[in-house]
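Chains as they are written, first to last, in the working numbering: chain H, 12 to 126; chain U, 473 to 643.
What the hints contain is simulated information worked out from the structure, not anything from laboratory work.
Being a predicted model, the structure only gives us computed values, none of them experimental.
Where a beta carbon is used, it is the ideal one built from N, C-alpha and C, also for glycine.
Be aware that a few hints might be false.
Unchecked claim - The calculated label-pair distances, taken between Cβ atoms and stated as ranges, are:
hint, chain 1, residue 1, chain 2, residue 2, range
1, U, 581, H, 57, 42 to 52 Å
2, H, 104, U, 512, 23 to 33 Å
3, U, 641, H, 55, 40 to 50 Å
4, H, 84, U, 581, 26 to 36 Å
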Amino acid sequence: MEAKKNRRTNLLDTHIPKDISRYIDFSIMISEMILQKLDELGINKREFARSLGKKESQISEWLSGMHNFTLKTLAEISLKYDLDFSEAFRLTLSKSKEKKQHAIAQKTDQIQIHL
Amino acid sequence: MKFKIFRYSQGSKGVIYTLWKEGDELPELENALLEYKEIRGERYFYELIAFIRGMCEKTGFRVERFRDENLTWKDGIYALRGTAEYRFYLYHNSSERIILTGGGVKTTKLFQEDPKLLFVVNCLKSVSKLLRDHPELNLKLLSDSEIDLDFTWSGELSNIDEILEKITNGS
């Protein structure tokens, strides 16, 4: 078990192509915004589905965090629930920018230590 | 069959535990992820990794994201969505802690008709029941103390007394 504990990497550390990573980040962020809105309004998935004329199973797929939303769907939800999805894109992009800047700062620190 | 609960990944929003069978080289989740990659290909594998990582780091494990397996609410057993016929079963302990494990390809209408899937679900149900019946236990404690969970062929825990004794004695 000690050897198991000392494993330094696991599959979740796999390098993921940037386009896939960003696509999933967008999907997670959009579904999170919808979920928070439902919490705020105190409505459940069934009521949400009914309000949009969709099946509950379809809504479950949307909220999974791995759904490829169409612009049509986003427009529909955005109008009905007054959600600004551009916020989800902005947040995702700014987080990725922060991460990049952090990585650059770390690298710069390392270079300075070596010098 | 002996398993340990293994802390697989920790992010700012949650911890993923998995089961690790005695004698196996890899934990259950890793075996399943590799099988999934082989079956569905790299693209879907990467998407799944990004998604699991995203929950760990950004959102935690909201129960609304998971597939309800028509079990009782108190069991807290779900499956990941978006993995086609492949099932990754999980025990939802809280929005910060889950046990995520494999399952396999679901070829039957009900998971109860597939002995392999049924075994995984029953193991998770047994852990869920153990934690419900014994509030002094938690996933971190079970994982840190490296206690063996001895499951019967039907996924029942056969060494509950031993687990409780070990925890009480702090060994």
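CB-CB spacing for residue 512 of chain U and residue 104 of chain H relative to the 23 to 33 Å hint: holds, 28 Å
Range hint compliance [Cβ, residue 641 of chain U to residue 55 of chain H, 40 to 50 Å]: holds, 45 Å
Residue 57 of chain H and residue 581 of chain U - C-beta distance against the hinted 42 to 52 Å: violated, 24 Å
Distance restraint evaluation - residue 84 of chain H, residue 581 of chain U, Cβ atoms, bounds 26 to 36 Å: Hint holds: Cβ distance 29 Å, inside 26 to 36 Å.
Of the numbered hints stated above, the single one contradicted by the structure is hint 1.
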